[in-house]
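J.: For the record, the sequence lines run as chains B and Z. Going by numbering that gives the first Met the number 0, the residue at position 135 of the first sequence is 134; the numbering climbs one at a time, nothing skipped. Going by numbering that gives the first Met the number 0, the residue at position 41 of the second sequence is 40; the numbering climbs one at a time, nothing skipped.
Source of the hints: derived by calculation from the structure; they are not laboratory data. Each hint should be verified, as a subset may be incorrect.
To be verified - No farther apart than 25 angstroms at their CA atoms in a straight line, the calculated lysine to aspartate or glutamate pairs in the DMTMM-like style are these:
(1) Lys116(B) with Asp61(Z)
(2) Lys64(Z) with Glu7(B)
(3) Lys116(B) with Glu19(Z)
(4) Lys52(Z) with Glu7(B)
(5) Lys3(Z) with Glu42(B)
(6) Lys64(Z) with Asp105(B)
(7) Lys64(Z) with Glu117(B)
(8) Lys52(Z) with Glu127(B)
(9) Lys54(B) with Glu101(B)
(10) Lys3(Z) with Glu49(B)
(11) Lys116(B) with Glu45(Z)
(12) Lys64(Z) with Asp133(B)
(13) Lys54(B) with Glu74(Z)
(14) Lys54(B) with Glu7(B)
(15) Lys52(Z) with Glu20(Z)
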Amino acid sequence: MKISVQREDFDLSLETRNLSKSEGVGAVASFVGIVRDVRMTLEHYPGMTENALRKIAEDAAARWKVMDCTVIHRHGELAPHDQIVLVAVASAHRADAFAACEFIMDYLKTQAPFWKKEHRADGAAWVEAKASDDAAAGRWEPPARKAS
Amino acid sequence: MKVKVLFFASLREQLGTAGEEIELPAGVATVAALRGHLARRGGPWEGALAEKKNVRAAVNQDMAKPGAPIRAGDEIAFFPPVTGG
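Bound-form chain B, shown alone (with noise of 0.2 angstroms):
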């Protein structure tokens, strides 16, 4: 398992293709955020940050059959078109991966202590939590831990 807040871009091929080496895998489900339309700085909490994106993948690996996965979340300045975040998920096959990498992609929007300001022309402003956010991880729920 990769987890790896940074500025540094990343290359979804080579995660991907790291991803691909575990023994057995068949399937690598993949999601890459980018930035929309507005230049923005993105804030995070050192440590809890790295802790809850681990935690947030832990918890998929104990629902689905997840081989291996890799979070990457950037933060500092970024501009329309970068790179913000990528999910991937290794598995046996498809199914498993695909749910797993939504999952991780929801807890993330809601869980992982991140927060972007937007510099617009007119000034800048941090942006608010939306409620569609909280729904979407919602219907995950219970979620799933692991027998200790």
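Based on the hints, put chain Z in the right spot on chain B.
T.: Relative to chain B, chain Z alone:
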């Protein structure tokens, strides 16, 4: 007891600080009590941390509910709902 308090994003800007070490009076032993204690400083503190404001919290880097207990040496963070991804 002494704890470390951190603020992020819009909250950090409203309060004009990223955090501080603070000595708490007896009886301030939960996340909600700490938030109330800080809000009573008045000015921007009252505005940013008022009960009607949607503020989330973490204790020792784990999301925490208002009733979560706090202990000496804890790191408590307050921040707005997250907007990553």
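J.: All hints are to be evaluated individually against the structure, with a verdict given for each.
T.: Hint check results:
1. About 23 angstroms separates the Cα atoms of Lys116(B) and Asp61(Z), which keeps this hinted pair within 25 angstroms; it holds.
2. About 33 angstroms separates the Cα atoms of Lys64(Z) and Glu7(B), which puts this hinted pair outside 25 angstroms; it is violated.
3. Restraint check: the Cα-Cα separation between Lys116(B) and Glu19(Z) comes to about 23 angstroms, which is no more than 25 angstroms; the hinted pair holds.
4. Of the pairs offered as hints, the one joining Lys52(Z) and Glu7(B) is violated, with about 34 angstroms between alpha carbons and a cut-off of 25 angstroms exceeded.
5. Taking the CA atoms of Lys3(Z) and Glu42(B), the gap is about 20 angstroms. The hint holds against a cut of 25 angstroms.
6. Distance hint between Lys64(Z) and Asp105(B) is fulfilled; the C-alpha atoms sit about 21 angstroms from each other, no more than 25 angstroms.
7. Note on Lys64(Z) and Glu117(B): the hinted pairing is violated, with a Cα-Cα distance of about 28 angstroms set against a maximum of 25 angstroms.
8. Note on Lys52(Z) and Glu127(B): the hinted pairing holds, with a Cα-Cα distance of about 13 angstroms set against a maximum of 25 angstroms.
9. About 15 angstroms separates the Cα atoms of Lys54(B) and Glu101(B), which keeps this hinted pair within 25 angstroms; it holds.
10. At roughly 20 angstroms between alpha-carbon atoms, Lys3(Z) and Glu49(B) fall within 25 angstroms of each other, so this suggested pair holds.
11. A threshold of 25 angstroms between alpha carbons decides the hint, and for Lys116(B) with Glu45(Z) the separation of about 23 angstroms falls inside it, so the pair holds.
12. For the proposed pair Lys64(Z) and Asp133(B), the alpha carbon gap of about 16 angstroms is at most 25 angstroms, so the pair holds.
13. For the proposed pair Lys54(B) and Glu74(Z), the alpha carbon gap of about 19 angstroms is at most 25 angstroms, so the pair holds.
14. With a CA separation close to 23 angstroms, the supplied pair Lys54(B) and Glu7(B) stays within the 25 angstroms bound.
15. With a C-alpha separation of about 23 angstroms, the suggested pair Lys52(Z) and Glu20(Z) falls inside the 25 angstroms cut-off, and the hint holds.
The structure fails hints 2, 4, 7 (numbered hints given earlier, in ascending order).
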